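Colleague: Sequence:
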Amino acid sequence: MLGTCCLIFIIILLPPLGVFFMRGCGADFWINLCLTILGYLPGHIHAFYVLVKDREERQAAANLGPPAYAPVPPK
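Here full-length UniProt numbering is used: the first residue of the sequence shown is 1, the next is one more, and so on.
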């Protein structure tokens, strides 16, 4: 996986390429490609949206473990 700074730089230059690196050649890539063709700014907005959502999903997946057990305080 690319670093976040490198990914942001790629998104600034070519938004569809950044989405491709994050999600592969799926629906998000094709949506971003169409948005970039229709207007450069909508492609950027969508690419940064995908970046934020991808980071949120990864963070939520990392926190899915069982709850940590704590010792019972003495009485």
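FYI, nobody ran anything at the bench for these hints, they're computed from the structure.
Predicted model, so just to flag it, every value in this text is computed and none were measured.
All C-beta atoms in this analysis are idealised placements derived from N, C-alpha and C, irrespective of residue type, glycine included.
Be a bit skeptical, because a hint or two may be false.
[As the list claims (entries may be wrong)] Beta-carbon label-pair distances, calculated as ranges:
| hint | residue 1 | residue 2 | range |
| --- | --- | --- | --- |
| 1 | Ala62 | Ile8 | 48 to 58 Å |
| 2 | Ala27 | Val72 | 27 to 37 Å |
| 3 | Glu57 | Cys25 | 17 to 27 Å |
| 4 | Val72 | Cys34 | 55 to 65 Å |
| 5 | Cys6 | Pro42 | 33 to 43 Å |
| 6 | Trp30 | Pro71 | 46 to 56 Å |
| 7 | Cys25 | Pro74 | 24 to 34 Å |
| 8 | Lys75 | Arg55 | 39 to 49 Å |
| 9 | Asn63 | Thr4 | 14 to 24 Å |
| 10 | Arg58 | Phe9 | 36 to 46 Å |
| 11 | Gly3 | Tyr69 | 40 to 50 Å |
| 12 | Leu38 | Cys5 | 44 to 54 Å |
Colleague: Given the range 40 to 50 Å, decide if the beta-carbon distance of glycine 3 to tyrosine 69 lies inside it.
Modeller: With Cβ atoms ~35 Å apart, the hint is violated.
Colleague: Assuming the hint says 36 to 46 Å, is it satisfied by the Cβ distance from arginine 58 to phenylalanine 9 or not?
Modeller: violated (20 Å)
Colleague: Could you see if the CB distance from valine 72 to cysteine 34 stays within 55 to 65 Å?
Modeller: holds (58 Å)
Colleague: So the hint says 24 to 34 Å: do the beta-carbon atoms of cysteine 25 and proline 74 match that?
Modeller: violated (58 Å)
Colleague: Can you tell me whether the CB distance of lysine 75 to arginine 55 sits inside 39 to 49 Å?
Modeller: Because 44 Å falls inside the window, the suggested range holds.
Colleague: Starting from the hint 14 to 24 Å, judge whether the C-beta atoms of asparagine 63 and threonine 4 obey it.
Modeller: holds (19 Å)
Colleague: At the C-beta level, are alanine 27 and valine 72 separated by a distance inside 27 to 37 Å?
Modeller: violated (49 Å)
Colleague: So does leucine 38 sit 44 to 54 Å from cysteine 5, Cβ to Cβ?
Modeller: violated (28 Å)
Colleague: Return holds or violated for the Cβ distance of tryptophan 30 and proline 71 against the range 46 to 56 Å.
Modeller: Holds, since tryptophan 30 and proline 71 (Cβ atoms, about 52 Å apart) stay within the stated range.
Colleague: Kindly confirm whether 33 to 43 Å is satisfied by the beta carbon distance between cysteine 6 and proline 42.
Modeller: For cysteine 6 and proline 42 the Cβ distance comes to about 23 Å; the hint is violated.
Colleague: Between glutamate 57 and cysteine 25, is the Cβ distance one that fits in 17 to 27 Å?
Modeller: holds (19 Å)
Colleague: Does 48 to 58 Å hold as the CB distance between alanine 62 and isoleucine 8, or does it fail?
Modeller: violated (21 Å)
Going down the numbered hints, you'll see the structure goes against 1, 2, 5, 7, 10, 11, 12, while the others check out.
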